[in-house]
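Trainee: Now for the letters of each chain:
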Amino acid sequence: MTNLLIVDMNMTNTDTNTAADMESIEIRKDQLQLTPAAVPDKGVLLGFLRQMLLIREFEVRTMQAYQNRLIGGFCHIYIGQEAIAVGTIAAVNPDDPIVLAYRDHGHALARGMDPKYCMAEMFGRIGGCAKGKGGSMHMFDADHYLYGGHGIVGAQTPLGTGLAFATKYEDEVINDGKSNHVTLCYMGDGALNQGCFYEAMNLASLQDLPVIFVLENNRYSMGTSIERGTSMAHDLRVKSEAQGIHHAIVDGKNVISTYQDFSSIADWCREESRPFFVEAQTYRYKGHSMSDPRKYRTREEEANEESKDCIDILENFLMEEHDVTQDSVKQMARQVKTQVLQAVEWAKNSPEAPIEELYTDVYTDVWGPYLGTSKPEMLGDEGSEQ
Amino acid sequence: MSVATAERVIEFRDALREAMSEEMRKDKRVFLLGEEVAEYNGAYKVSKGMLDEFGAKRIIDTPISESGFSGMAIGAAMRGLRPIVEFMSWSFSLVAADPILNNAAKMLYMSGGQFGCPIVFRGNNGAGGQLASTHSWCVESMYANIPGLKMAIPYDAYDAKGLLKTAIQDDNPVFFLESERLLSTTCHVPEEEYTVPFGQAIVRRAGTDCTIISFGRPLHFCLEAAKELAKEGIECDVVDGRTIRPLDIDSMVESVRKTNACVIVDQSWSFASIGSEIAAQIHAICFDDLDNRVYRVHSDDVPTPYAHNLEQAYLPNARKICEAVRQATYNV
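Sequence order for the protein chains is L and H.
Under my numbering, think of the first position of the first sequence as 57, with each following residue one higher.
Under my numbering, think of the first position of the second sequence as 206, with each following residue one higher.
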């Protein structure tokens, strides 16, 4: 957490390059050095803790509801990765667009979606954020500039480029000013192997678009470890280096350093109107989806990763540096649990969508069997801010 | 009626450019992107001069990267911008199938009405230039299957302009299928602003003996056939559907109720096609009006060949249409 040295566009890996090798390599001068933002104060950190506890409790209850068949389809649990959603989203402005892959509940909550709308969406009820038409993988929230979870691996990456194109176009062409937004485009390591990601990066680089591709590297795409599915898995900077895009690694288990590093990266992207590729290293504790028995990895590996838990890391920091007590953390956990249980109850009580909803939101206008469009109950709900 | 000034006649490609330029002058949210649209002035000169007028921020050259730039445009449309995406050929849209079908067509639904996708994808569609199979796609039947998108197929310069303006103003994704074989055709296009609404077919030639339903370039062959058949005393009602989604089935039914015979000419393959869909609808609605089953003329059910003679044999043409009309009207 001292000086964040981003040494991309350069070969410095001393494990694989001897001094002699280095002499034969042309060293490019495109290094970028950024200073991380300051450690946030106690109040902000307590806010981080609350959000992380909320996401974890929400996911525990989601698994429970899935097992009780209240949730259908595919369902992907975010437990273990909470620090990334919380730390990165806190580092940008509330009106900076974000777009997600399918493991998206945590980001939706971190962005400010009331958990009841998120849970009701998974229950397939009319009160859901997308009126029950999208489900677990498709969390949208226009009030919070959340442009969806997207179910096709990598498909959100050109959309992220497009959102950045749009903010820049709005700022520069329509409002005749300077580009002043940055888009966060999240992806898993599986998306590294989709062609559209490279097209998205190439376009973002050519067009000087302020978008951060946030790679949540949890080391498995479904049941395939990153080493088995991705070339150069040990040095992912090469993925963006080829597109002239800077790369940085952040510790995705440490919400404080994630926030610090990401803040300065986001500021740089906003200021320079350039893309970035950030690899947040993490681990998902659960299977790829609810139906995954995790036979492709050992329980020892899981236990080792869970011993470096992101919530524990922040709790320990708060106790050591800010005299936060175990009791106050427990109290916060109880409050969060109540909030989530209320969300589950709200979702259960939300009515099923009327059958007419089949034919709404297909087109904006009314023609043939189509009934036009209407917004979900969630939008405009002032109380949805946490 | 006396006309004070000579009627203005322009090419199909100029009509397309006028539609885009007029909408871009009115609305800063509208922009054009695609391969060679800016500095090269358009692979088919549709966007000629637009870079000079609107600048590089609104007329945007993209690399050959259909999946990427289609997805980028869709992301921009989710924010409320109104992109026009030029595919040099709809054949290349297959590379962008996921963004244009999964994202553009379904975003409004998946987001529960929160994010629409006001976007136009436009470019050349169909065979006819010895380009062989991969570059000769007729995508209309394949894509018309998908709810959430609209589809327009203009036949002449007047409709090219009027329908494209409607497409750009529409809040939904519109697949706009042009034909390279029609780009140099001309017709009267008024100076004054106008639009052509979606879902309104037009009768291109009136007749009482047989209805011929078609879209886009094959209408040329339909009209040629109708002229030929008139010499035999068979008068055809040639209906140009103009848009596939929405489909103006009412006008088609009205014509069939008048003629009691129907031939559908669709340049895509016959299996699970627009031709088969319209035939099914006509059979269902006009069961008691038809004197014969509905006949269909399609491209042959094989990949598009390169050789000139084989390609010509493969495509719908006036001879095939005449034959179908004679069958449908028992003139054999």
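Mixed in with the good hints there might be a few duds.
Claimed, not checked - Each computed DSSO-like pair below joins lysine-lysine, with the alpha-carbon atoms no more than 30 Å apart: (1) L/LYS404 - L/LYS364; (2) L/LYS234 - H/LYS525; (3) H/LYS250 - L/LYS342; (4) H/LYS436 - L/LYS431; (5) H/LYS231 - L/LYS431; (6) H/LYS231 - H/LYS250; (7) H/LYS436 - H/LYS525; (8) L/LYS234 - H/LYS436; (9) H/LYS253 - H/LYS231; (10) L/LYS351 - L/LYS364; (11) L/LYS351 - L/LYS386.
To be verified - The following label-pair restraints were derived from C-beta to C-beta distances: (12) L/ILE208 - H/LYS262: 40 to 50 Å; (13) L/HIS290 - H/PRO268: 45 to 55 Å; (14) H/TYR511 - L/LEU262: 58 to 68 Å; (15) H/PRO268 - L/GLN120: 44 to 54 Å; (16) H/ALA337 - L/VAL294: 17 to 27 Å; (17) H/TYR399 - L/GLY279: 33 to 43 Å; (18) L/PRO150 - H/TYR511: 14 to 24 Å; (19) H/ALA337 - L/SER287: 44 to 54 Å; (20) L/PRO349 - H/ASP232: 45 to 55 Å; (21) L/GLY128 - H/GLY334: 48 to 58 Å; (22) L/ILE208 - H/ILE269: 30 to 40 Å; (23) H/ILE407 - L/LYS234: 41 to 51 Å; (24) H/ASN350 - L/SER430: 19 to 29 Å; (25) L/GLY233 - H/GLU397: 29 to 39 Å.
The hints are simulated quantities; they were obtained by calculation from the structure and are not laboratory data.
All values reported here derive from a predicted model rather than from experimental measurement.
No residue lacks a Cβ here, since even glycine has one placed at the ideal position from N, Cα and C.
Trainee: For a quick check of understanding: which of the numbered hints are violated here, in increasing order?
Mentor: Of the numbered hints, 1, 2, 3, 4, 8, 11, 12, 13, 14, 16, 17, 18, 19, 22 do not hold.
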